[in-house]
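Enquirer: Letter by letter, the chains look like this.
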Amino acid sequence: MARPTRTWPVLVTFLAAIAIEIMPLPDAVQAFRPPLPAMVLIYWTMMWPERFGLFTAFALGIVLDILHGQLLGQNALALCAVTYISVRFHLQIRIFPLWQMTMTVLALLTLAAALLFVVEGIAGYGLSGLNRWPAVLCGTLLWQPVMALLDRVRMQSEMRTSNF
Amino acid sequence: MALTSVEREPGQFRNASPGLQLILLCIVSIALMALDHRNEYLTGVRKSLSVLLYPVEFLVSAPFDLSRALSESIATRDALQAENRRLQDEALMRSASLQRMAALEAENARLRALLDSTAKVGEQMLIAEIVSVDMNPFRNMIVINRGGKDGVFVGQPVIDADGIVGQITRDRHYTSEVMLVTDVDHAVPVEIARNRLRTIGVGTGELDRLSLPFLPGNADVREGDLLVTSGLGGKFPPGYPVATVKNIRGTTGQPFLEIDAAPAAALNRMREVLLIKPEGNAGMADSDDDMPPAEPEQP
Numbered sequence: 001m002a003r004p005t006r007t008w009p010v011l012v013t014f015l016a017a018i019a020i021e022i023m024p025l026p027d028a029v030q031a032f033r034p035p036l037p038a039m040v041l042i043y044w045t046m047m048w049p050e051r052f053g054l055f056t057a058f059a060l061g062i063v064l065d066i067l068h069g070q071l072l073g074q075n076a077l078a079l080c081a082v083t084y085i086s087v088r089f090h091l092q093i094r095i096f097p098l099w100q101m102t103m104t105v106l107a108l109l110t111l112a113a114a115l116l117f118v119v120e121g122i123a124g125y126g127l128s129g130l131n132r133w134p135a136v137l138c139g140t141l142l143w144q145p146v147m148a149l150l151d152r153v154r155m156q157s158e159m160r161t162s163n164f
Numbered sequence: 001m002a003l004t005s006v007e008r009e010p011g012q013f014r015n016a017s018p019g020l021q022l023i024l025l026c027i028v029s030i031a032l033m034a035l036d037h038r039n040e041y042l043t044g045v046r047k048s049l050s051v052l053l054y055p056v057e058f059l060v061s062a063p064f065d066l067s068r069a070l071s072e073s074i075a076t077r078d079a080l081q082a083e084n085r086r087l088q089d090e091a092l093m094r095s096a097s098l099q100r101m102a103a104l105e106a107e108n109a110r111l112r113a114l115l116d117s118t119a120k121v122g123e124q125m126l127i128a129e130i131v132s133v134d135m136n137p138f139r140n141m142i143v144i145n146r147g148g149k150d151g152v153f154v155g156q157p158v159i160d161a162d163g164i165v166g167q168i169t170r171d172r173h174y175t176s177e178v179m180l181v182t183d184v185d186h187a188v189p190v191e192i193a194r195n196r197l198r199t200i201g202v203g204t205g206e207l208d209r210l211s212l213p214f215l216p217g218n219a220d221v222r223e224g225d226l227l228v229t230s231g232l233g234g235k236f237p238p239g240y241p242v243a244t245v246k247n248i249r250g251t252t253g254q255p256f257l258e259i260d261a262a263p264a265a266a267l268n269r270m271r272e273v274l275l276i277k278p279e280g281n282a283g284m285a286d287s288d289d290d291m292p293p294a295e296p297e298q299p
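Taken in sequence, the protein lines are chains A and B. So in our numbering, the last one in the first sequence is 164, and the numbering has no gaps at all. So in our numbering, the last one in the second sequence is 299, and the numbering has no gaps at all.
Everything hinted at is true.
FRET-style restraints, in silico, Cβ to Cβ:
#1 B/A75 with A/V12: 32 to 40 Å
#2 B/K246 with A/A148: 42 to 50 Å
#3 B/G239 with A/F55: 50 to 58 Å
#4 A/M23 with B/M125: 28 to 36 Å
Per the computed footprint, the stretches of chain B lying under chain A, defined by three or more beta-carbons under 8 Å from a beta-carbon of chain A, are:
#5 23-36
#6 43-55
#7 59-65
#8 125-134
Hints were generated in silico from the structure; no laboratory data involved. We put the CB at the ideal spot given by N, CA and C, even for glycine.
Working from the sequences, and respecting the hints, build out all of it.
Expert: Okay, here's the thing in structure tokens:
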């Protein structure tokens, strides 16, 4: 497999995910905002684990914590755990049929949400209760289009670099 | 467990085994959370990282600000004239009531001088705009476009035209985070304007509801009562409207009433807010701004 050597398209996808994460939405649909940064992270750590790994997850988590005004390290912890699994099993996940892959993503997003929930509970902040799960389900439903989009980005960056 | 498919360069830490990396990064993030939970050790780190991330927030909010600016600039002449007329009427009404206000303030100062108690001095305001970004969806927090560079400090009260909005919880230098009065972690000391009955307004996490959990069953509270800040906590200046009592439920056998109140400030519709600058109040701020001295009392 030709390996992309340009990382800027990948960084752009991360930035776009972060932008959507903090984009103002009406109150009614806020609970359904898919956890795009986590999904993009899962994709790139699965497809390109030698470049994007736990350090990317940690940095992305810190960025999200700052932007959300949450406890510093909360998202970092959750995303590191998720990334470990996606890097560790990237060869298996990559060749899963689409529905199995979607289920894996559901499990990973659930893990991240559960970790955030536990941290909130320990830190004694207001609990989000069941409010996290609509976003997780929404993210799972959106995995296929997101993956198709990111596949395109990956193919393009590979084609571009194959001329070198 | 090592990754077989990943080629490694020896001697680089980022190529250490993922298990080791995971353990290390988990320890680092847990340590960060423990430090941050105390809320003072990491303010510098947080502030510098926020400054780095300011462009992201700016870029995200730019289209929304632009669309608002556009809709303002292409407003029709009629709409502008109507708005202008409405604003002029409003200004007239306000200045009329201010005339009485000035007289009352002077009288209040005289009476306080007679009672030998310190007079409440007027506060200075700083206008701030809300940045169009969403924070944590489970908290009631907003970002405003004023920060440490404008003299904003943590704990500073934030109001809008109708009442108390919240207080500054984090200063990000160019912007700052405001916790709204309805956040689950927020409580504001209030009194009922009608009879000065003091209590505490606790946030519920819903933008349109405050709860008053500490009033006993025989408390003199009615629907429609206005709650104003009592100034007891030392954070909020006294006398600003906070909420209106909306709903009172008393359960037999329960010592306290369950009271809901609707916040006075337009928490989900506001665009601009005001930051109250305390004027030489001891213990409120250590800002080194040169504030004008308080006016001498009337003889």
